[in-house]
Amino acid sequence: MDLEGQGRIKQVVEQAGTQNLVAVLGANSPTAVEMTALTLKSGDPSYAGALAGVELGIPSYHILEPEIVGQLDPSLYERELALPAMAMDVAEVVQPLKTIRGSAT
Amino acid sequence: MKLNGKRVLVIGERDGVNAAAIEACVKSAGAEVLYAETLCFV
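Residue numbers (the numbering used here), protein chains in the order written: chain B, 1 to 105; chain U, 1 to 42.
There's no promise every hint is true.
[As the list claims (entries may be wrong)] Some residues of chain B that are not near chain U, with every Cβ distance over 10 Å (derived):
(1) 49
(2) 55
(3) 57
[What the hints assert, rightly or not] Examples of chain B residues toward chain U, derived with CB under 7 Å:
(4) 27
(5) 28
(6) 63
(7) 72
(8) 80
Derived from the structure by calculation, the hints contain no laboratory data. Backbone N, C-alpha and C fix where the C-beta goes; we use that ideal spot for every residue, glycine too.
Isolated chain B, as found in the complex (with noise of 0.2 Å):
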């Protein structure tokens, strides 16, 4: 996540506050992917951004996990999501966030 992006997501989390707030992702590499979610839940493991050293504790999902994409519309999963489900290896990408979101901050 860039840092500007953090400190936007600083800002409107300490609007909004944490409570039944989730981050959704799509990135197309489980690095990215790791990265990103680690930020949002023990902050910036660079301590690069406005994040470092901030615990948000948001678990974060991809738009791509079986555990999302069973709520969507499935048109609109055809229409926004088929193409780029096929570009990526989605288990691989996902991998990551169920131990992240698992494991204590």
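Based on the hints, put chain U in the right spot on chain B.
Relative to the frame of chain B, chain U by itself:
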């Protein structure tokens, strides 16, 4: 995790799924989008 009633931060990616597509999908499932951004790794 049920999206219905959740508040969502959308973080899309240009080379994966962009934020606009994710936003449309999670809204259709009953979530409220508080923030949406498409990242671009080059």
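Find the hints from earlier in the document that the structure breaks and name them by number, from lowest to highest.
none
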